[in-house]
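*Asks:* In case you want the letters, here they are:
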Amino acid sequence: MITFTLKRILQLIPVFFGATLLVYFLVFATPGDPIAALSGGKPMSPAVADALRAQYNLDQPFWVQYFLYLKNLVSFDLGQTFSGQQVSDVIARAMPVTARLAVMALAIEAVFGVIFGVFAGLKKGKLFDSTVLVASLLVIAVPTFVLGFVLQFVVGVKLSWAKPTVSSGAPWGDLILPAVVLGLVSLAYVIRLTRTSIIENKSADYVRTATAKGLSRRRVVVVHILRNSLIPVVTFLGADLGSLMGGAIVTEGIFNVPGIGNLLYQAILKGESATVVAVVSVLVLVFVIANLVVDLLYAWLDPRIRLV
Amino acid sequence: MSKLLKGPSVNRPSDEDRPLLEIRDLAITFSTPEGPVHAVRNGRLTVMPGETVAIVGESGSGKSTTALAAIGLLPGNGKVTGGQIIFDGEDITHPTEERIVALRGSSIGMVPQDPMSNLNPVWKIGFQVKETLKANGLAGNNSKERVAQVLAEAGLPDAATRAGQYPHEFSGGMRQRALIAIGLACRPRLLIADEPTSALDVTVQQQILDHLDTMTSELGTAVVLITHDLGLAAERAEKIVVMYKGQVVESGPALEILRNPVHPYTQRLVAAAPSLASKRLQSQPTEVAEEINAVVKVEHEIVDEDILQVKDLTKVFKIRRGLGRSDDFTAVDNVSFSVKRGTTTAIVGESGSGKSTVAQMVLNLLKPTSGSITFDGQVMTDRTENQLFKFRRRVQPIFQDPYGSLDPMYSIFRTIEEPLRIHGIGDAKSRQSRVKELLEHVSMPSSTMHRFPNELSGGQRQRIAIARALALKPEVIICDEAVSALDVLVQAQILNLLNKLQEELNLTYLFITHDLAVVRQIADDVCVMEHGRIVEHSTTDEVFNNPQSEYTKNLLRAIPGATLML
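Keeping their order, the protein sequence lines are chains A and B. FYI, in our numbering the residues of the first sequence are 6 to 313. FYI, in our numbering the residues of the second sequence are 426 to 991.
Derived by calculation from the structure, the hints in this document are not laboratory data. A hint or two may mislead.
[Unchecked claim] Below, simulated DSS-like cross-link-like pairs (lysine-lysine); rule was C-alpha separation at most 30 Å, straight line:
#: 1; chain 1: B; residue 1: 549; chain 2: A; residue 2: 128
#: 2; chain 1: B; residue 1: 925; chain 2: B; residue 2: 670
#: 3; chain 1: B; residue 1: 569; chain 2: A; residue 2: 207
#: 4; chain 1: B; residue 1: 549; chain 2: A; residue 2: 207
#: 5; chain 1: B; residue 1: 736; chain 2: B; residue 2: 815
#: 6; chain 1: A; residue 1: 12; chain 2: B; residue 2: 743
#: 7; chain 1: B; residue 1: 898; chain 2: B; residue 2: 792
#: 8; chain 1: B; residue 1: 670; chain 2: A; residue 2: 207
#: 9; chain 1: B; residue 1: 559; chain 2: A; residue 2: 207
#: 10; chain 1: A; residue 1: 131; chain 2: B; residue 2: 504
#: 11; chain 1: A; residue 1: 207; chain 2: B; residue 2: 555
#: 12; chain 1: A; residue 1: 207; chain 2: B; residue 2: 504
#: 13; chain 1: A; residue 1: 12; chain 2: B; residue 2: 549
#: 14; chain 1: B; residue 1: 978; chain 2: B; residue 2: 736
#: 15; chain 1: B; residue 1: 569; chain 2: B; residue 2: 549
#: 16; chain 1: B; residue 1: 504; chain 2: A; residue 2: 129
#: 17; chain 1: B; residue 1: 765; chain 2: B; residue 2: 736
[What the hints assert, rightly or not] Partial list, derived from the structure: chain A residues whose beta carbon lies under 7 Å from chain B:
#: 18; residue: 213
#: 19; residue: 220
#: 20; residue: 221
[What the hints assert, rightly or not] Far from chain B, by Cβ distances over 10 Å, these chain A residues were calculated:
#: 21; residue: 14
#: 22; residue: 60
#: 23; residue: 65
#: 24; residue: 80
#: 25; residue: 109
#: 26; residue: 116
#: 27; residue: 120
#: 28; residue: 138
#: 29; residue: 140
#: 30; residue: 165
#: 31; residue: 254
#: 32; residue: 263
#: 33; residue: 299
Please read all numbers here as calculations on a predicted model, not as lab measurements. From the three backbone atoms N, C-alpha and C, an ideal C-beta is built for every residue, glycine too.
With the sequences and hints as input, model every part of the structure.
*Replies:* This is the structure in C-alpha cells:
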C-alpha cells in the first residue's frame, strides 16, 4: 500500500512535466498575437510592441521560453499576467471558489444519485424506476448550457428561489444553483450506475445466501447489496471530482462565478501562456491526485484488489 | 415407511413420527416476458427428521426450485401457485416475511452450489459467520470463539486465523467448508444442500461430503441433497426423488431406484450415469451403420503410428510479486506422452494439475518453456506462420463452455463456415453444402443453419462446436473438458457422437477432463496428471483395474457411486 502510494506520487513528476510541456506548446502554437490582443486591437508602435515582447520573453524561441518558465517554476514563480498580477495570486483567489463549487456539486450527485439509484434498482420496472430513468436520460441529453440558462431563468429570475448570479466572494449560498447545474449531468450518471449495480448485485448468489442465513431484508440490502454496489459508484465519484474542477467553465460562465474555469477562459482568449499553463497544470495535478485517491479507496472497499 | 410400524411411537405424539418437511402437489410458476413458465408441477417430497433425501434431475428439472421454495428463496418472478409446503406441522406455503425470516438459518439452513459466488467478497469470513449467529440470536458474549468453533467443526483448519481472512484468500474447498459452517451454524433441523460440491474437484468433493455426512448425522439434521449425479445421490441418501421437466417421476429408497428404475427417464438416467457405466463405448448403431463401419474399418485400420508426440514438455509461468520481482510457477513439469492415430488419449487431473496448459501448448496457443511437440513427424517449435496456419487445419479444439465458445452474433451457418472461408476452401456454394453435410454428421437438421446460438440448448451448441471443429477435416481434435458443462444424458449423447465420428473419420482425440468416469467411456489411453507431472500413463483398463500410483487410487475411490454394488 505504502509502496504503491509512493510510486504513484513519483509518477506525478513525469506527468507534470509532460502536461506543462504539451500545454505550453499548444499555447505557443495558437494563432494570434498576444501583444496585439493586449492593446485591444488598437495600433501600437513597433518599438512598444517589441519592448513588451521582450518583457514577456515572447521574442525567444519555444524551447527558451519553456526553459525560462521551468526555471521560474522551481522558485515557485508561476509568472505574471499581462495586467501585472502574480499568476499564483490569481489562482489562489479563484481556486477556493471552484473547489467549493465542485465539492457542493459532488455532494449533491453523491447523496441524491445514490438514494435515487438504490430505490430505482430495488424497485426495478416500477413507476418510480421508470420515472427516474426517463428524467436522467433527459438530463444527460440536454447540454449543460441549456440546463444552466433554463434553471437560471426559472429558479433564479422567475421564482427568485436563488440568486441568478454569484456575487463577489462567492459565498456558499450563492453557489447552490450553479452547483446543481454542474452536478446534474453526473447525478444522472450516478443514478444509472447505482441502479445497474444494485440490480446486478441483488440477484447475486451471495445475497441469496445471506437471505438464507435468516438476515432481515433491511440488513441484506444495507450490508450485502449496498456496499458491493457502491464500489463502482465511489470510483466514479472520485474521478468525477477532477472533471468537475476542470469542467466548470460553462457553468462558471453562465453564473458569473469567479473561479478557475472563468480564469482559464479569459487567459485563453488573451493568449496569456503563463496563466493557461499554470491553471492547466494545477488541474492536471488535481486530476492525478483524485485518481490516486480513487485507487486507494477502491482497494479499501474491495479487499480483492491488491495494489502493486 | 418403517416408522409407522414402530410400536411405541403410535402412543406418544412424538416429532419422530411427523415428517419434518412435507411438500404436496407443489406447483411453481415463473412469469416471464414470454408468458408463464410452469417450472414445477405436482412436486412431492417427504423428509423425516434426521433423514437424507436426494432430489436428482438435470438442469431445468425443477429440483433446486422445489427445494428453494421451502425456504422462501424463489427468484422474484417465481411464485408458488399450488400445493402445500409443511415444515414440522406448520404450513409455510405462503409464509409472512417475518415468519420465514425467523425460520431461515435457525430451522432451515442452506448450503449453496457454487462456493466461488456464494460468499460476499467484501466481508471477512468470520463476519459472515458471525452475522448468521447474530441474526438468529446465538452470538452470545464470546462470539469470536463461537465463530472459530463453528468453522472448525466444518473442518476448516486454523479456524480462528482463517476467520479474519477474505473469501478470495480461500480455496474452493475451504469456501465450501465455510458455507457449510454458515449453513449449520444455528443448528437447523433441516439443511438444504443445493449441489454442494459439484463445483469442486472429485477428491475434495468426497472429503466435503464425508464431513457433511458426519456432521449432520451427529447433529441429527435432516438433509435435502440436490444433485444431478445419480451415483452421488445413491451413495449419500436414503431416499431418492427423481425429477424431470418439473415433475417428480419417481421416488423411493435409493438402491431400489438404481436397481429397478420404473420410469423411462430414470432408466435412461441410470444407464447414462457415467459413474455407474463401466466400459469403453462401442458404437452401437443400426445394421446399415455397421456395414459402413465395416467398410470404414478396412480403410482406416488403426496403424501403429504416433500422430502426436510430446517430449519433456515444461511450462513455467512467472508470478509477479511487484517491484520487478517474480516467482516461478511450474505448471507443466517434464511431461512426455504420445498419441496413436485413430485413438483417444485422455489427460486426467484435478484443477491446477496443468492438464489444460498441456492442451494449449499442443494447440500452439501457448509457447512451451522447454521440450518438444512433434506432430506427424514434424517438430512444432520454430515453425513459420505459414506452416502454423496449415497445422491449425489439421488440429482443432472443442472447448468446455458451449455458451462461451460460439459467437452469439454469428448464425450457425456462419460459425461453421468461418474456418472454411479463412482457409479459402471451396466457393460459396460448395461451402454451403459442406456445412449441411457437417450438420448431418452431428445429427442436427440443416435448418439449424439460419439460427443463432441463443436459440439452441447446451448440448446442441456443443454439437455445433463439434461441427465447426470438423469443418476442416482435421486429424486431431483436442477436447478441453468438452462434456463437463453438460447434463448427464446430453453428455452421454455427445460422447456417443464423438465416438461415432472417430470411427467414421478416423479421428484422433486428446481428451482433457477431470472426470474419470468419462475417461472410462471414451479413452484408450490415460495420462493422470498431478501438480504438473504425469503420475501414471497406461491403457484405460490398466488404470482402472490396476492403478499404480496412490493419487490415481484416490481419484478412483472418490468417484461418486464407485463403491456401490449393483
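*Asks:* Each hint should be assessed against the structure and marked as holding or not.
*Replies:* Hint by hint, here is what the structure shows:
Under the criterion of a C-alpha separation no larger than 30 Å, the hint pairing residue 549 of chain B with residue 128 of chain A is consistent with the structure, at around 29 Å. Between the alpha carbons of residue 925 of chain B and residue 670 of chain B the distance comes to roughly 29 Å, so the proposed pair stays at or under 30 Å and holds. A threshold of 30 Å between alpha carbons decides the hint, and for residue 569 of chain B with residue 207 of chain A the separation of about 29 Å falls inside it, so the pair holds. A threshold of 30 Å between alpha carbons decides the hint, and for residue 549 of chain B with residue 207 of chain A the separation of about 19 Å falls inside it, so the pair holds.
Distance restraint check for residue 736 of chain B and residue 815 of chain B: the Cα-Cα separation of roughly 22 Å lies within the 30 Å cut-off, and the hinted pair is therefore satisfied. For the hint linking residue 12 of chain A to residue 743 of chain B, the alpha-carbon distance of about 22 Å falls within 30 Å, and the restraint holds. Of the supplied pair hints, the one linking residue 898 of chain B and residue 792 of chain B holds, its CA atoms being roughly 25 Å apart against a limit of 30 Å. Taken as a hint, the residue 670 of chain B and residue 207 of chain A pair is honoured in the structure, with Cα atoms around 28 Å apart against an allowance of 30 Å.
Between residue 559 of chain B and residue 207 of chain A, the direct Cα distance comes to roughly 22 Å. Compliance with the 30 Å bound is thereby established for this hinted pair. A hinted pair counts as satisfied when its Cα atoms are at most 30 Å apart, and residue 131 of chain A with residue 504 of chain B qualifies at roughly 19 Å. Simply put, residue 207 of chain A and residue 555 of chain B have alpha-carbon atoms about 21 Å apart, close enough for the 30 Å limit, and the pair holds. About 18 Å separates the Cα atoms of residue 207 of chain A and residue 504 of chain B, which keeps this hinted pair within 30 Å; it holds.
Among the hinted pairs, residue 12 of chain A with residue 549 of chain B is consistent with the structure: their alpha-carbon atoms are about 29 Å apart, no more than 30 Å. Annotation: proposed proximity of residue 978 of chain B to residue 736 of chain B holds, straight-line Cα distance about 26 Å (limit 30 Å). In summary, the hint linking residue 569 of chain B to residue 549 of chain B is supported, as the alpha carbons are separated by about 13 Å, within the 30 Å threshold. A C-alpha spacing of about 18 Å is found between residue 504 of chain B and residue 129 of chain A, which places the hinted pair at or below 30 Å, so the restraint holds.
With a CA separation close to 15 Å, the supplied pair residue 765 of chain B and residue 736 of chain B stays within the 30 Å bound. The beta carbon of residue 213 of chain A comes within 6 Å of a beta carbon in chain B, closer than 7 Å, and the hint placing it at the interface holds. Contact between residue 220 of chain A and chain B, as hinted, is supported at the beta carbon level, the nearest pair being about 5 Å apart and thus within 7 Å. At about 6 Å, the closest approach between the beta carbon of residue 221 of chain A and any beta carbon in chain B falls short of 7 Å, and the interface hint on this residue holds.
The beta carbon of residue 14 of chain A sits about 16 Å from the closest Cβ of chain B, which is more than 10 Å, so the claim that it is off the interface holds. No Cβ of chain B comes within 10 Å of the Cβ of residue 60 of chain A; the nearest lies about 49 Å off, and the non-interface call holds. No Cβ of chain B comes within 10 Å of the Cβ of residue 65 of chain A; the nearest lies about 42 Å off, and the non-interface call holds. Even its closest Cβ contact with chain B, about 35 Å, leaves residue 80 of chain A beyond 10 Å, as expected for a residue assigned away from the interface.
With a closest Cβ-Cβ approach of about 30 Å to chain B, residue 109 of chain A is found to remain outside the 10 Å limit, as its non-interface label requires. Look at residue 116 of chain A: its CB is around 22 Å from the nearest CB on chain B, clear of 10 Å, so calling it non-interface holds up. Distance check on residue 120 of chain A: its Cβ is at least 21 Å (rounded) from any Cβ of chain B, clearing the 10 Å threshold; non-interface status holds. For residue 138 of chain A, the shortest C-beta to C-beta distance to chain B comes to about 18 Å, beyond the 10 Å cut-off, and the non-interface label holds.
Chain B leaves residue 140 of chain A outside its interface by the beta-carbon criterion, the shortest separation being 24 Å against a cut-off of 10 Å. The non-interface label for residue 165 of chain A is consistent with chain B: the shortest C-beta to C-beta separation is roughly 47 Å, beyond 10 Å. Taking the minimum C-beta to C-beta distance to chain B, about 38 Å, the non-interface status of residue 254 of chain A holds against the 10 Å cut. Every beta carbon of chain B lies more than 10 Å from that of residue 263 of chain A, the smallest distance being close to 43 Å; the non-interface claim holds.
With a closest Cβ-Cβ approach of about 17 Å to chain B, residue 299 of chain A is found to remain outside the 10 Å limit, as its non-interface label requires.
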